[in-house]
Amino acid sequence: MKVGYYPGCSLSGTGKEYDLSIRKVLEKLDVELAELNDWSCCGATSAHATNHFLSIGLSSLNLFQAQKQNLEELFAPCAACYNRMVVAKDELGKGTETAKKISALNNGESTAKVNIINIIQLFEKAGLENISAKTKMNLKGIKAACYYGCLLVRPFSITKFDDAEQPVAMEKIISAVGAEPVDWNYKVECCGGAHSIAHKEIVVDLSKKIIDDAVKHGANVIIVACPMCHSNLDMRQRAMKDTAAIPVLYLSEFVGLALGIDSKELGMNLHFTSTEPILEKVLVKE
Amino acid sequence: MHAHNTHVETLAGKIEELTSQSVMQCYQCGKCSAGCPVRNYMEDSPNQVIRYVQLGFDDEALHSSTPWLCASCLTCSSRCPQNFDIAKFMDAVREVALEMEIDVKEKDVKKFHEAFLNQIKKNGKAFEFGMVREYKLKTLNLFQDVELFPEMLLKGKLSLLPHKKKDIKHIKKVFDEIK
Amino acid sequence: MEEEKFEPKIAAFVCNWCTYTGADLAGTSRLKYPTNVKMIRVPCTGRIDPVFIIKAFEKGADGVLISGCHPNDCHYNTGNFHARRRWILFRQLLNFVGIDSTRLHFSWVSASEGKKFVDVVTEVINKVKEQGKFKKYEKINKEFAIHE
Amino acid sequence: MRIGVFVCQCGENIGRTVDCPAVAEAAGRFPGVAYSVEYKYMCSDPGQNLIKNMIKEKNLDAIVVGSCSPHMHEKTFRKAALDAGVNPFLCEIANLREHCSWVHEDIVDATKKAIDLVRIAVEKVKKNTPLTPIRVPVTKRSLVIGGGISGIQAALDIANAGFECVLVEKEPSIGGHMSQLSETFPTLDCSQCILTPRMVEVYQHPKIKLLTYSEVENVEGFIGNFKVTIRKKARSIDESKCTGCGLCVQKCPIKKKAYNEFEENLAHRPAVYVPFPQAVPNIPVIDRTVCTYYQTGKCQMCVKVCGREAIFFEQQDEMITEEVGSIVVATGYKLYSIDKKPEESEIKGYGEYGYGKYKDVIDGLQFERIASASGPTSGEILRPSDNKVPKKIVFIQCVGSRDESKGFSYCSKICCMYTAKHAMLYKHKVHDGEAYVFYMDIRAGGKGYDEFVRRAIEEDHVKYIRGRVSRIYEEDGKYIVRGEDTIAGKPITIDADLVVLATAMIAQPNAVKLAQTIGMSYDKYGFYNEAHPKLRPVEVSTAGVFLAGACQSPKDIPESVAMASAAASKSLVLFGSDFLEREPTVAKVNESVCAGCFYCQKVCAYNAIEKKEIKDRKGNLVKVIAYVNSGLCQGFGTCNAVCPSKSVELIGFNDEQIYAEINAL
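Protein chains in written order, with the working numbering: chain A, 1 to 286; chain B, 1 to 179; chain C, 1 to 148; chain D, 1 to 665.
I should point out that these hints are in silico values taken from the structure, not numbers from a laboratory.
Simulated restraints, written as ranges between beta carbons of each label pair: (1) B:24 x D:107: 42 to 52 Å; (2) B:83 x D:268: 38 to 48 Å; (3) B:179 x A:38: 22 to 32 Å.
Keeping only pairs whose Cα atoms sit at most 25 Å apart, straight-line, the calculated DMTMM-like set for lysine to aspartate or glutamate is: (4) C:127 x D:109; (5) D:241 x D:318; (6) D:112 x C:123; (7) D:490 x D:474; (8) D:112 x C:7; (9) C:129 x D:109; (10) A:216 x D:475; (11) D:413 x D:460; (12) C:135 x D:109; (13) C:135 x D:116; (14) A:208 x A:180; (15) D:357 x A:171; (16) D:413 x D:451; (17) A:208 x B:145; (18) A:16 x B:151; (19) C:115 x D:523; (20) B:165 x B:177; (21) D:406 x A:162; (22) D:612 x D:591; (23) D:127 x C:58; (24) C:5 x D:19; (25) A:28 x A:73; (26) D:490 x A:201; (27) A:241 x B:145.
Chain D is faced by these chain B residues, among others (derived, beta-carbon under 7 Å): (28) 33; (29) 39; (30) 81.
These figures come from a predicted structure and were not determined experimentally. All C-beta atoms, glycine included, are put in the ideal place defined by N, C-alpha and C.
Taking the hints into account, I'd like the entire structure generated from these sequences.
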C-alpha cells in the first residue's frame, strides 16, 4: 500500500518523534509513504483565526500539489493539518467565492479530489487484524487513555470520522495491540491548542484537567494523535502543580512499541515527561 | 439580490458575507458558552458576542477579548442545535477587527498569530524558533519558557535555521491576495 | 429580428389537486407571469397519456409543461409515481418522433406553492423562447396538408 | 349542440384586465355557440338567473362560464344549470380570474388568452355527456386506531351516540402513555385515578368491540365503506377461558430476562405478563422471545398453575375483517429515549449527554414511573444506579426538540409543563433536595399553566436556569452538568445525583407505514397532516378519516381529549346520512375492445379494477376482461392513460374530451 504523506511543520520540530515513529511503524506494516513534494504550511490556527481566505488558500496549495502527484490519499498525521485540509477541501468542493478566488490563483484548478486521512484512518487501512497479527509485545498491563482532542473529530459534518462526542476508533487500535483502553471523560476536551505561547496559563490549566482525569480513571499512559496536543500534555506537565507524571505517547509510538520497535528508534527519548514507566510494562510475548 | 447586501455595512452583514451564515440563526441557548473550554477566561460569553452582533452593538463585539481567547476547538460548532458555526463566526470577528485595525485587548494572541504567519510568508513553512523569537521581541515577554529551550534544542526539537519551501511564489500569491 | 418577437405557445397539463390549485394561489396572490401558457386540467398526472403531448406539439405548442403533486403528496397516493415512471421511457419516444425532448418540462408544484408555479412557468417560457419556434410539425402539416 | 357562454366581470377583478365584452363577442362566433353574454357578477342571484333564463329562452343544452376558478364556483353554476334543466356535467368553467386577469397585466394579451380559455372550454363541453352522481351507502360503524386517552375518548363518544365502534390497540392493554403518568399538570391529580374508570367503561360498553394486542394491516375502500383487515396477535392465552387471576404471572420462573416496557425498562417482568395491574383487558400475554417453552419445549409452569386451561401455546395470529364507515386515527407518540444505542436511535448523537452510558441520566417517562406510587420504587424518588435518594436533580428541557442539528426543529410543547411538574413532585417528596431546570423558553400557554410554573419557582424553589446544557459526565458517582446561565452570563456547573432529560415527543416508529396503509399524508417527522391547519384540523385529506391526539403533533391530555371528541363528532356527522353522493367521474371499460391485459389493475391504487368473465350463450368462457367497481374508483385516470388498447375511459376526462381541449389550444 502506498499513500501520500504530508508531515506538516511540527513534525520536523516539536513533533519530531511523531515523524520518526510513523516512518518506522509504517515500514513494518508495509505501508509506503510518498512525501508530498515541496509542501508548505497548512496555515494552522493562526491563518484561520485571522483570515479565512488565507487559511483555505494555504491549505489548498498542498491539495493541488497532491493532485499534481496523482495521489489518491494524503495522510496528514497532525490533527490540525488534517482538519485544515479537510475543511479546505470541503470549501473548494462547495465552489464558494473564496474557492473561486483560490482556483483563479492556481491556474483554474478547482476541485481537490485527493482524500485526506488521519493516522487512525491510516491504521484502519493498514488493517487492525494485520496490526494485531504483527504485535510482538505483551501490553497487558497498560491502561491507555485515548485522547482525541478537538480537530480529529470536529466538525463531524466535515470530518465524517467516528463520533464527535464518544469516539472509539482509537480504542479499537489500542485493543488490537493488546492494551486496555480506559473509559474517561476528557477524550474530546480541548488542551488549549495554539494558546500555548500567548496564554500558557490557559494551556497548563486545561491540559492539567485532562491529565488528572486520565490518571483518575486508572490510565498509565495517554495516547495522542496531534503534535500540538502532545507538546501541551507532555512539555507542560512540568508547570502543573500536584499532578502525577504520566507518559504521553503518540499513537504511532504506541503501536511501534507493540510491534517490537526499539523505543529510541521511535524517538521516545525525546519526550519531556519520562516514558520509562510505560516501557517497563512492555513485556516480551511468551 | 442577497439579503446581506442591504446591511453589508454592519458587522452582521460583513460576517454573513465572510461565513455564509446569518447571525440571526443563533437563538441564544448558550450551549456554546456552556461547553467552551476557555469560557472561564472570558469576560463576554460566546453567545453574548453573537448577541452584540445580532443587536448591532458592533463595537462591543469588535473590542471583546472573547474571539481572541477562542481556542478554535470547535466544541461549540459541533454542539450547536441551530447548526450555527460559532468558531467560524469568531474567526470572522477577528478578521474584521484586524481589517478595521481595532486596538484589540488580547495583543499577545494577535502578535503570536502575526509572528506565526510571518514565518509562513517568509519560509512557506512554520519555523518555530523564528516565530518564538519574533513573538518575544514583539511582546517583550522575554523569559517565558526559557527553561524549556535548552532541552528542546538538545533534543533537536527546535531548529535554529528554518526549513524552507523551495518554491515560494504560490505562497506569495496567496498572501498578496489579502493585502 | 423575428426571433425577438417570438412568443411561444406552452401547453401545461396540470393535476387538479396540486398544481392547478397552486396556479389559483398565484392568482389570488396577484403574482404575474406571461400569457404564453394555457392549462389543461386533469384529475392527476397519472391520467396524462404520452399521446397528449405529441398531439399538443402537433397542434402548434412550442413547449409542454407537466406538473403535479410532490412525491408522496399525490391525492391519489401513487398516480404521480406512475406518471413519473412513464416519462422516463417517453422522452426517448419523443426524440424518436422528431420532437426535441428538452421542450418537455416536468415539475412538482403543490397547492401552497403559488410562487413556485410562477417561477416554473416563467422559466419554461424563457427556455422555449431561447430554443425558438418548434417548426417540425408545422412543416409536416403543411407538406401533407393534414387538416382536422 | 346549442352552447351558451357567460362571461363574468367579477366586478373589476376580471373586467380590469380582460375586455369582457370582446370575449363574449368572440365566443359568440365560435361554432356551436348559440348565445353569449357578459355580466358584472355571474355568481350573484341576478347572474345565476340570467343563466337560467337564457338556458330556457335560447333553448341551450350546454353552458360555459368564464369566471373564477372552478374550485370556487363550479358547484354554483352546475346547480344553476341543473335548476334550468341542463345536466350539471354539461357546464364547464373557463378560469378567467386566477389563471388570467389576476396574473397578467396587458389588456390585449390577457383578452386574447381569455378568448382562448373560453374556446378550450367550449370544445370540451361539446364532448361532455350528461352524468348522474353516484350514490353510495354509509356503514354506520367506526374504527378507532389506538387505545390511549385519545382513542378511548373517541370510541366512548361514538359508542355513547349509539353507533358501533371497533377499538384497535397494538399493546396488550389500552391506556397508552397516560396510564404510565404519575400525576397530571396543572392540577396534580393522579393520572390512573382519572383514566382507569374510562378504560373500564370501554371494556364494558356494549357498542365497543375492543381488540388489544392487534394491529391494522390493511385498509381498502373509501368514505362510508372501508374494509379493514386487523391482525390479532397471538397472546398464547385463550381469552375466553382466562379469568385474569394472575397465577401464571406470579409463578413464571423467568423473572429477569425481559425489561418491563410499562416501567420504561426500569424493572423486569416475567415471560408471561400483564403490562400493569390495572390493565384492560386483564389478560396476560406470553413473550415468546423469552419464554422457556418456546426455546426448549420445557417448563410449562403456567400450564400447571392455570386452573382454566387457558394457556394456548399453539395459538396463531388471527386476521379479522371489519367494515366501517369512518376511521379515527389516534396512534399517539413515542418519547425519544436517549438511553438507546446511537445506531438504533431516532436521533444520531447527544453523546455529550452520555447516551446509554449513565444509568442515572433518564428521560421524562422514566421519571414518571419513578414518581408513580405504582412504579418500581413505589413512588419514592430513588435513582436507578444505586437506589439512593438524589439530593440534587437536574432537569434539561428541549432535548431533541428545537434542535436543527441533532433532533427535530419543532417544540414538543408539553415538556415545559411536565418538567415543572416533575420538579415539583420531587420537591414535595425530597424536601431538602435541590432541583434545577435548564430551559430555553418557558412555554406555558394554557389554563392555569403559567401559574403552575410560577408555583414551582416561587413556592417550591425550583431553580430555573436559562440555557442549554453542553455536557454531562460522571465523576465519583455524581453527574457533572455543564451549562451556562445566559441571563447572568455565567457558566454553571452542577454536580447532580440524577439527570432527567425532557426528550422530544416524536412520531410512532411505524407512523409512516400506517399513513401509507390508510392513505394519509404526513410531515417530514412522521406526524399526520390535517386537511387544513385552521379550518379542518381533525380531518385528513382522505375523506372519512379523522385524527385525534399526538399522532398529529405533540399535544397534552386536554388537547388530545378535545381533538378526540371532535374526531368522534366528525364521524357522527357522517353517520347522520344514509347515503353519500360522489362525483360520477369514474373509469369505465369498453368491454368489446378490452384485451384483458390487466395493466390497469396494476396501476390502480384503489383495487377498483376487477376481473369479469365474458361467456357466450352456451356458458363457455370467451374472455376475461377488466371491470371497474365504480364504488371504489376514485377517478384519477391512470388506467385510462396506460391502457394499450384504449379501452378504459375516465368519464368526464376521456381521451376525446382532452383531445378537444388540445385542439383548441
